[in-house]
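2 protein chains.
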Amino acid sequence: MSLIVQKFGGSSVADAESIKRVAKRIVDARKSGNDVVVAVSAMGDTTDELLDLAREVTLLPAPRELDMLLTAGERISMALLAMAIKSMGYDARSFTGSQAGMITDAQHGAARIVDVTPVRLQSALDEGAIVIVAGFQGFNRVTGDITTLGRGGSDTTAVALAAALNADVCEIYTDVDGIFTADPRVVPKARKIDRITSEEMLELAAGGAKVLYIRAVEYARRHGVTLHVRSSFNNNEGTIVYNPKNGEHVEEPIIAGVAADMSEAKITVVGVPDIPGKAAQIFTIVGKTNANIDMIVQNVSAAATGLTDISFTLPKSEAETVLNALAADRDEIGYASLQHDDQIGKLALVGAGMRSNAGVSAKLFTALFEAGINIEMISTSEIRISVVTRADSINDAVRVVHSAFGLDGDSEAVVYAGTGR
Amino acid sequence: MSLIVQKFGGSSVADAESIKRVAKRIVDARKSGNDVVVAVSAMGDTTDELLDLAREVTLLPAPRELDMLLTAGERISMALLAMAIKSMGYDARSFTGSQAGMITDAQHGAARIVDVTPVRLQSALDEGAIVIVAGFQGFNRVTGDITTLGRGGSDTTAVALAAALNADVCEIYTDVDGIFTADPRVVPKARKIDRITSEEMLELAAGGAKVLYIRAVEYARRHGVTLHVRSSFNNNEGTIVYNPKNGEHVEEPIIAGVAADMSEAKITVVGVPDIPGKAAQIFTIVGKTNANIDMIVQNVSAAATGLTDISFTLPKSEAETVLNALAADRDEIGYASLQHDDQIGKLALVGAGMRSNAGVSAKLFTALFEAGINIEMISTSEIRISVVTRADSINDAVRVVHSAFGLDGDSEAVVYAGTGR
Chain A
1 MSLIVQKFGG SSVADAESIK RVAKRIVDAR KSGNDVVVAV SAMGDTTDEL LDLAREVTLL
61 PAPRELDMLL TAGERISMAL LAMAIKSMGY DARSFTGSQA GMITDAQHGA ARIVDVTPVR
121 LQSALDEGAI VIVAGFQGFN RVTGDITTLG RGGSDTTAVA LAAALNADVC EIYTDVDGIF
181 TADPRVVPKA RKIDRITSEE MLELAAGGAK VLYIRAVEYA RRHGVTLHVR SSFNNNEGTI
241 VYNPKNGEHV EEPIIAGVAA DMSEAKITVV GVPDIPGKAA QIFTIVGKTN ANIDMIVQNV
301 SAAATGLTDI SFTLPKSEAE TVLNALAADR DEIGYASLQH DDQIGKLALV GAGMRSNAGV
361 SAKLFTALFE AGINIEMIST SEIRISVVTR ADSINDAVRV VHSAFGLDGD SEAVVYAGTG
421 R
Chain B
1 MSLIVQKFGG SSVADAESIK RVAKRIVDAR KSGNDVVVAV SAMGDTTDEL LDLAREVTLL
61 PAPRELDMLL TAGERISMAL LAMAIKSMGY DARSFTGSQA GMITDAQHGA ARIVDVTPVR
121 LQSALDEGAI VIVAGFQGFN RVTGDITTLG RGGSDTTAVA LAAALNADVC EIYTDVDGIF
181 TADPRVVPKA RKIDRITSEE MLELAAGGAK VLYIRAVEYA RRHGVTLHVR SSFNNNEGTI
241 VYNPKNGEHV EEPIIAGVAA DMSEAKITVV GVPDIPGKAA QIFTIVGKTN ANIDMIVQNV
301 SAAATGLTDI SFTLPKSEAE TVLNALAADR DEIGYASLQH DDQIGKLALV GAGMRSNAGV
361 SAKLFTALFE AGINIEMIST SEIRISVVTR ADSINDAVRV VHSAFGLDGD SEAVVYAGTG
421 R
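Taken in sequence, the protein lines are chains A and B. All the letters of the first sequence, read from the start, carry residue numbers 1 to 421 under the numbering used here. All the letters of the second sequence, read from the start, carry residue numbers 1 to 421 under the numbering used here.
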C-alpha cells in the first residue's frame, strides 16, 4: 500500500460542486488501495474576502489576529471536503494545522515550518481514515499561537506532510496539465515536461514559472520528496519533479524550459566610486529594507572616471522603499544618481544539461539578436541563464528562445483559464 | 479592579462598522479600570450560511466535521474584533475555544462544558490584554476534537468564563434593554425588570422568553454567576439576574413576568387503559425519540370506561417523529387514537413570590375566563403556572394576565427589531 499526499488549491474547491468532484477524486485514490492525505486551500476567493473584511476594520491588522482570521478559510474547505467524503461512505477526518502538528516559527504571515509531528494524522491513517489537513497554516509551540505560511503555503503544507509521513508521492493538483517548457499562453507550441529535476524546477520557479511555489520546491528538494504536478480536471499524467540520487546517471535534456517574469523592476545606482566595499555598503542598506533582490550586475568601470554602475532587479512593489533607503544614504555611498525602470521583462533559460554543454549562452544571445531584441542585463547560475529585456519584448523573446532550443512541440498546448492557485 | 465578562451576539458584530462600535464599548470598559474578557458569536448570518454550504455538500453532514466548519464563524469575528481593539491602541488577543481551555464532552453539535482551564486567558489578563474568546465552541480532551455547544452557546461560553475566572459580573449584550415583564411587542406596557432571581429567569426562559438561553441561566445559577442583560445600543442599566444567598431575605414581587411560547404542538393519546405503568410505557417510547417533552397532563379516567387521555406538548418540529413512534407501538400500548394539534399557545406566569401567596392560580384563571379565553391544559411548578390556549388567543392572554397582576408600566416600552441572538 502506498501513501499519497494530494494538494488541492482554492480554484479546485471553489464551491460545493467542485468540492464533491475533488472528494470523488480522493476516494478514487483510496479505492486504488492507497492511504491518502490531502492538503487543501481555502475555497476560491475566501482568503481575499477575509483580507477585505480585515481592511474594513483597520488598515493595519495585527499580524497575530490576521493569521487567526485567515485560517478560518481552510477550516471551512477542509470540513466540507471531509463531509463530502464521509457522505460517500469513506471515513475522513479534517485536521487544523495545529492538530496536524505543523510546527512553525512565530513569524505571523510568513511562518517557516520548523517541525512536523503528525501523530494524530498517523493514528487516523492507521484506523483507515482519509486525512484532510488545512493547508497554509501552522502553530508556534512557544506562544501557542496560530500562524500562516504565506503565499503558496498550501503547496508547502503538502510537501511537508509528504516528507514527515514518508509518502511515496506528493500530487499537486492544479488547473493545468503540468509544468510546460514555457507558458502555453505565450508559446502555443510549449510542451508538457514529463520529468524534471527539483533543481531545474527551482530555477524555473525562481525565473517566473507560476505553477509551483519556490518554497515548496525547496522543501521537496531538501527532504527528497517526489512531486507530481497534474490537472484536477483530467486523469492525464502530469509532470514528475524528482530528486536524482547522488551518482545517479540522468539522461537530461540540455534545456528543460523557459520562464518569464514581468513582475520586477530594475534599479541602477549610477556613478559609484569603484573602490572595495561599495557593493557591500549598497546591499547592506538595501538588505535592511528586506527587499527580495534577484539579479545583481556590476559593469566594469570606465578607467577614466574610476566610477561604475551597479544594477539590480527586485519586485516592483518594493522599488520605492529601496529607492528611498538609497536616497537617504546618498552622501555616505557617494553615487551620482539613481535610475528606476519598471518596464523590464526577465527571461530565464533553465537546464541541468547546460552544465556540460558549452555554447548555450551564445545560442541564446544569437537567437535574441536575430529577433532584434536588446539584452539589458545578463546573470548566470550553473543551470540557468537570465536576461533582462524591455517588457514589451519579453513574449517575443520567450518564443524565439523556445524555438531556438528545439523545445517546440508538434501541436498546440491546451490552455486553461486562470492560474490554479 | 473588577473583572467583567462581556458577551456580544451575532447581530452586534454583523459587519465591520458594528465590530468597531463593539470594540469601542469594550475599550470603554477597560478605560474604566476593569479587566475585560469578551465572548463573541459569529458575525450576523455566518452560521446559517455555513450550514447552507454544508447542506449543498451533503444532506447529512458528519457531526465532527460540521462542528469544525461552524467554528470558523467565531474565528472570523473574534480576530476582527481583536484587530479593531488593537487598532485603538489597546492590547487584545483572540483565543479559540480550545486555546481558552473550554473543555467539553464529545457530543458534537450539543456538547456540554465539563471543565474550563483558562490558563492562557489569565496570563493574557495578567499582561494587561483584553481577552477575546470564541463563543459557542470547545474541545474534547480525549478525542482532541473541536466541539460546539449548540443553540445559545455563546451565552453559555460567557457564563462559563465568568465562573472560571471568578468575574464580578457577566454582561450579556443584546438588542433589547433587558428582561421585560412580557414581550414588549405583545404587551406595549411591559416593564423592564431591574432585578430577577436566576430561578425565576430560568422559568421565564423555559416558558418562552427569548432573551437568554436556558442552559446559560442554569450554568449561572449553579456557579453563582451574576448576569447583567443589557442593550449594546445604549448605556442604560439592564436587568440583573442574581442568585440570592441561602437565607438571604429577598423582597420579591409576587410575579416576575409573563412568557409566551408559540413553538410547541400538543399530542394527545386518547383512550389509554387506566392501569399502572401505561404512562411509563408511553414516555419510554417517546423518550427513545429524544423529543423535548414540556408539559404532561393526564386527565382522570371516566369511571365507566376505565380509559384515560394523556396529553403532552413538545416542539412542533419533533411532533411527527413522536407520532410515528407511538403509532408503531399502538397495539402494545392499547390506545384508541392519537390527536395532533399544532395550533396551541403556551403562557407561563413566573414569580418566586407565588410560593407563599395563595390565590395566584385563581387570579390567573379568572383573568383568562373574563377575557373569554379557554384553558386547554394546566401545569404548575413551585414558582410557575403554565396554561395552554388556542394559538390565536395567546397574545390576548398575555396582555390580560400582565394587566391582572399589576405588571403594566406607566409608559410604553421601546421595542427594537430583531431578537438579538
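Treat the hints as calculated values from the structure; they're not laboratory data. Being a predicted model, the structure only gives us computed values, none of them experimental. A couple of the hints might just be wrong.
Beta-carbon label-pair distances, calculated as ranges [claimed, not checked]: (1) A:321 - B:45: 35 to 43 Å; (2) B:119 - A:117: 16 to 24 Å; (3) B:235 - A:117: 31 to 39 Å; (4) A:168 - B:117: 54 to 62 Å; (5) B:31 - A:185: 28 to 36 Å; (6) B:45 - A:88: 27 to 35 Å; (7) A:128 - B:1: 30 to 38 Å.
Among chain A residues calculated to face chain B with C-beta under 7 Å, some are [stated by the list, open to error]: (8) 56; (9) 63; (10) 65; (11) 83; (12) 94; (13) 367.
Taking lysine to any residue and the SDA-like style, the derived pairs with C-alpha atoms no more than 25 Å apart in a straight line are [claimed, not checked]: (14) A:24 - B:373; (15) B:24 - A:51; (16) B:288 - B:236; (17) B:24 - A:228; (18) A:24 - B:396; (19) B:316 - B:356; (20) B:24 - A:328; (21) B:31 - A:59; (22) B:31 - A:31; (23) A:31 - B:59; (24) B:24 - A:63; (25) B:288 - B:59; (26) A:24 - B:63; (27) A:189 - A:228; (28) B:288 - B:188; (29) B:24 - A:31; (30) B:278 - B:262; (31) B:24 - A:55; (32) B:363 - B:294; (33) A:24 - B:90; (34) A:288 - A:328; (35) A:288 - A:150; (36) B:192 - B:396; (37) B:31 - B:127; (38) A:24 - B:55.
Cβ atoms here follow ideal geometry from the backbone N, Cα and C, with glycine treated the same way.
Hints and how they fare:
no.	hint	result
1	A:321 - B:45: 35 to 43 Å	holds, 41 Å
2	B:119 - A:117: 16 to 24 Å	holds, 22 Å
3	B:235 - A:117: 31 to 39 Å	violated, 49 Å
4	A:168 - B:117: 54 to 62 Å	violated, 41 Å
5	B:31 - A:185: 28 to 36 Å	violated, 57 Å
6	B:45 - A:88: 27 to 35 Å	holds, 29 Å
7	A:128 - B:1: 30 to 38 Å	violated, 54 Å
8	56	holds, 4 Å
9	63	violated, 10 Å
10	65	holds, 5 Å
11	83	holds, 5 Å
12	94	holds, 5 Å
13	367	violated, 52 Å
14	A:24 - B:373	violated, 60 Å
15	B:24 - A:51	holds, 22 Å
16	B:288 - B:236	violated, 46 Å
17	B:24 - A:228	violated, 51 Å
18	A:24 - B:396	violated, 57 Å
19	B:316 - B:356	violated, 35 Å
20	B:24 - A:328	violated, 40 Å
21	B:31 - A:59	holds, 23 Å
22	B:31 - A:31	violated, 60 Å
23	A:31 - B:59	holds, 23 Å
24	B:24 - A:63	holds, 20 Å
25	B:288 - B:59	holds, 23 Å
26	A:24 - B:63	holds, 20 Å
27	A:189 - A:228	holds, 22 Å
28	B:288 - B:188	violated, 42 Å
29	B:24 - A:31	violated, 55 Å
30	B:278 - B:262	violated, 29 Å
31	B:24 - A:55	holds, 17 Å
32	B:363 - B:294	holds, 24 Å
33	A:24 - B:90	violated, 48 Å
34	A:288 - A:328	holds, 13 Å
35	A:288 - A:150	holds, 21 Å
36	B:192 - B:396	holds, 20 Å
37	B:31 - B:127	holds, 16 Å
38	A:24 - B:55	holds, 17 Å
Hint compliance for this structure: hints 3, 4, 5, 7, 9, 13, 14, 16, 17, 18, 19, 20, 22, 28, 29, 30 and 33 are not met, and every other hint is.
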